[in-house]
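Same order as they appear, the protein sequences are chains A and B. Numbering-wise (the numbering used here), the first sequence opens with residue 1 and increments by one. Numbering-wise (the numbering used here), the second sequence opens with residue 1 and increments by one.
One should not assume that every hint holds.
Straight-line distance between alpha carbons at most 30 Å, and here's what the computed DSSO-like set of lysine-lysine pairs gives [as the list claims (entries may be wrong)]:
1. Lys57/A - Lys9/B
2. Lys9/B - Lys42/A
3. Lys22/A - Lys42/A
4. Lys22/A - Lys71/A
5. Lys9/B - Lys58/A
6. Lys57/B - Lys71/A
7. Lys22/A - Lys58/A
8. Lys71/A - Lys9/B
9. Lys68/A - Lys57/B
Hints are computed from structural coordinates only; laboratory data are not their basis.
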Amino acid sequence: GENVEQHPSTLSVQEGDSAVIKCTYSDSASNYFPWYKQELGKGPQLIIDIRSNVGEKKDQRIAVTLNKTAKHFSLHITETQPEDSAVYFCAASPPLYGNNRLAFGKGNQVVVIP
Amino acid sequence: DSGVTQTPKHLITATGQRVTLRCSPRSGDLSVYWYQQSLDQGLQFLIQYYNGEERAKGNILERFSAQQFPDLHSELNLSSLELGDSALYFCASSVDDRANEQFFGPGTRLTVL
Chain A
1 GENVEQHPST LSVQEGDSAV IKCTYSDSAS NYFPWYKQEL GKGPQLIIDI
51 RSNVGEKKDQ RIAVTLNKTA KHFSLHITET QPEDSAVYFC AASPPLYGNN
101 RLAFGKGNQV VVIP
Chain B
1 DSGVTQTPKH LITATGQRVT LRCSPRSGDL SVYWYQQSLD QGLQFLIQYY
51 NGEERAKGNI LERFSAQQFP DLHSELNLSS LELGDSALYF CASSVDDRAN
101 EQFFGPGTRL TVL
């Protein structure tokens, strides 16, 4: 099955700086790659996603890039703010009809230092 | 707020017991997913239902079962509980069985003593 890995496990950034989290996946057939943000005591929140036919997607301060050849995708957060502090999970989904299971990475703790 | 609701928020029980976790998907969503989140295993897919039918199974133990009812709410039943079953259990929903976007509920924290 799909295996997703995230690096680094913990990332500390100064407020206003950029943060980048990278994920690698194993199944070249995977075609959907979401990013979730999880705050303490809450469920994962979908913040951005990308499909395999697109190389980059941006939504205000966050962006995701996908390199299918290298099988990795990255989350970019610009102008970080304290409220960006959370655990971020990447995931991948194989193109199986009627089966949209997500394979998640282990998560990255992002700490934004005011 | 994702629109997915889960009850109860916390559950404390003893080994050997059986519990039921409940999930109501977002209005209009037909597909429901269950995930288990633990510190050592991360977020693991358990099972998916679409419009009342089981669609896919992941790392779900035989002691666990689930169903989706005609009103589309879903229940996850955990029996013969062990200490290692202590975890956060999340429900997610999507529009149908082809839509990739999954929206998660707030979770149920299960503690087995």
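30 Å Cα cutoff - pair Lys57/B, Lys71/A: holds (25 Å)
Straight-line alpha-carbon gap Lys9/B to Lys42/A, limit 30 Å: OK: Lys9/B and Lys42/A at ~10 Å, within 30 Å.
Hinted pair Lys71/A and Lys9/B, Cα distance within 30 Å: violated (37 Å)
Distance restraint between Lys22/A and Lys42/A, which requires alpha-carbon spacing of 30 Å or less: With a Cα-Cα distance of about 23 Å, the restraint between Lys22/A and Lys42/A holds, given a limit of 30 Å.
Agreement of Lys22/A and Lys71/A with the hint, judged by alpha carbon distance not exceeding 30 Å: holds (11 Å)
Proposed proximity, Lys9/B with Lys57/A (alpha carbon, max 30 Å): Violated - the C-alpha atoms of Lys9/B and Lys57/A are around 35 Å apart, more than 30 Å.
Hinted pair Lys22/A and Lys58/A, Cα distance within 30 Å: holds (16 Å)
Agreement of Lys9/B and Lys58/A with the hint, judged by alpha carbon distance not exceeding 30 Å: violated (34 Å)
Given hint Lys57/B paired with Lys68/A - CA-CA distance at most 30 Å: holds (27 Å)
Of the numbered hints stated above, those contradicted by the structure are hints 1, 5 and 8, listed in ascending order.
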